[in-house]
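Peer 1: We have chain W; now place chain Y onto it with these hints.
Taken in order, these protein sequences are the chains called W and Y. Count along the first sequence starting at 1, add 768, and that's the number in this note's numbering. Count along the second sequence starting at 1, add 6, and that's the number in this note's numbering.
The set of hints was computed from the structure by calculation and includes no laboratory data.
These stretches of chain W come out as covered by chain Y in the derived footprint (C-beta under 8 Å, 3 or more residues):
hint: 1; stretch: 806–815
hint: 2; stretch: 853–860
Computed far set for chain Y versus chain W, every beta-carbon distance over 10 Å:
hint: 3; residue: L19
hint: 4; residue: V36
hint: 5; residue: L65
hint: 6; residue: S166
hint: 7; residue: G250
hint: 8; residue: R271
hint: 9; residue: I286
hint: 10; residue: K407
hint: 11; residue: T497
These numbers come from a predicted model, not from an experiment. Cβ atoms here follow ideal geometry from the backbone N, Cα and C, with glycine treated the same way.
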Amino acid sequence: MLLSKDDVEHIALLARLHLSEEEKERYREQLSNILDHVGKLQELDTADVPAMASIVVPRSRLRPDVPAEAMPRPELLANAPETAEEQFKVPPVLDGDA
Amino acid sequence: MSAAKTSTALHELSAKQALAGLRAGAFSSVELTRAYLERIEQHNSRLNAYLYVASETALQAAAAADKLYAKARRKPETRLPSLLGLPIAVKDVLAVAGMPATCGSLILEDFVPSYTATSVQRLLDAGVVILGKTNTDEFAMGSSTENSAYGVTHNPWDESRVPGGSSGGSAAAVAARLAPVALGTDTGGSVRQPAAFCGLTGLKTTYGRVSRYGLVAYGSSLDTVGVLARDAVDAELILKVMGGYDPRDATTVEKAPKLDKPSGRSLAGLKIGVPKEYFIEGLTAEVESGVREGIRQLEALGAKAVPVSLPHTEYALPVYYIIAPAEASANLARFDGVRYGLREEQADLIEMFKRSRGAGFGPEVKRRIMVGSYALSSGYYDAYYGQAQKVRTLIRQDFDKVFKKVDIVAAPATPSTAFRIGAHGNDPLEMYLEDVFTLPANLAGVPGLSLCAGFDSQGLPIGLQMLGPHFADERLLAVAKAYQHVTDWQTRQPAL
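Excised from the complex, chain W in its bound form (with noise of 0.2 Å):
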C-alpha cells in the first residue's frame, strides 16, 4: 500500500475534495494501485529524452490581441448559484466582520 490515510485527507485538500470516511478507506486503496500501475513507468531510462512540450505540429502562433466584445453580464451571472449587485456571492474570504 503506498498511501497512508493522511496521505488521502492531504491529497483531498489539494484538490478541495470532502471526502467520507469511507470514501477515504476507498480511496486509499484504489489510489494506490493506480499509482502503483503508474510506477511502471520508472523502468525506462529517459536520461535523454526531451520531456514533450506540446503535441502541435506545425507550432501554432498567437492572434493579434485586439479587444473584443464580452459575453453579456446578466448571460454570464444566470449560471451563479448566488448572485448580489451583478456580482458573484461569496462566503467571507477575510477574517473579520461581513
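Peer 2: Only chain Y this time, still in chain W's reference frame:
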C-alpha cells in the same frame, strides 16, 4: 403515402442520402426531424442515449431550413448551406447556447451555457438541426457511460451491454437510428471505442484540426472533437464543415497540411503497418480474427500490409493515467460553486469548495482529480508528471518512425466486443485497460478511425482501427470509404 410509412423510411437514410432527399424535395426537414423525434420518443427511455431532447428548437430549425429550400426552388441562384436541414446529435460535453450541458455530472445539473462550441456553431452555420444532447461518462472520463450521473446508456445491439464510452450516448443514438450522425469527443478513445462497440465509423481527428472552444475541458493536450457516423462518407461531410482554424483555440492550425490519400476504390500503393504490440494477450480471438480479416480485405483492394513495431505501446496506459488526471485536476478546479454549478452553502470558503465538489463529482472524477493532484504535488512532480511527459515523447517518436515507412497503421480498436453493464464495477484499473489500443493516438496527437469489420458469434460489432500521421484524417476516411464500398457491415442495424 401515409405519414407513418414515410417516417419509418426516413431514419434509414444515411446523412448523405438524407441531404440528397432534402435537396430533391423528396421530403422536408420537418418530416425528417419529426421522424427522428418520434424514434427518440419510442426508444430513448429504454436506451438512455439522449439526456436532453430539443424537440421544439429542432422543429423550428427544420422549418427554417425548409423555407430556405423552398426559396431555392423559386430562385435557383440561392446558395444553400451544405448540411441544410440535417438532424444531428451532440455529446453533452459540448456547449450549445440555450441547451443544458451537464457533462454527465451532477455538478452541472442546472448549467445552461450562453455560448456555442465552435465545432457546433460551424455545423449550425451549415444548416444542421440539433436533436439533443447525448449521454457521456462524467466529464468524458470512462469507457462505458456507467460513470454518468444520469444512468447508463444501453448498447442497441444488446441492451444488457454498454455502448462504450465516453461518447456512448452519441454512439447508441446513431446505431439505433435515433440520429443520422452525432458529435463525440476523444481524449483516450472516447469516439473510437464506442464506435467499435456499436458498429459505427468513428473519427478521432488530428489534435489541432477541430477547435476545442466550447468543449468542456478534461485533458487539454489530449481532447479532440470527433464524429460518430454510419459510414465514412457521412463522417467526412461533418469533418469538412467543423474543422479548421479558430482564433478562440490557439492550438488549431491555420493551414492543415494536405497529405496524399487513395483516390477512388483502389488502395494500390497504400502501405499498411500492422503493429505487433496491438496483438497481445487480452485481445479476444474473435476480435483478432475479425481485424485480420479486415486487413486482408484492405490488401485485396491493393494495399500492402507489413509488420511494424511501436515499442513503447505498453507504456501508453501509465503515461495517460498520469497526464490525463493531471490536466483534469487543473481543468476541473473551475468547478468551485462560485460562478456556475452546484454549491453547498458553508460559512467558510474552502469548506464550501470542498463540500460542493464532494457532493457534485462522482467517484471516477474524484479518483482522477486526486491522482492528478498527487502527480503534480511537490516532491512527486518529477517522478510522475515529468517522467510521463518524457515517455510521451518516446510514444510520439514511435509513430513518427513508423509513418516514415507506412501510410497508415491498422490494429484492433478494442481488446473485446462490448462488455456487460457492471462487468468492471469494482476495479477502476480493469476499466482503464479497455482503452489500451486507443490511448497512444491521443498521446501522439495523431488521427484515428474505427470502423465495423464484422460481428462476433454473439452478434456484437468488431472494430478495426486505423491510425495515420498528423493531418491524415482524409487519408483514413478515404481508406474507410474504399473498404466500405466492398463490404456491407456498416449498413447492418440492430433490431430494436
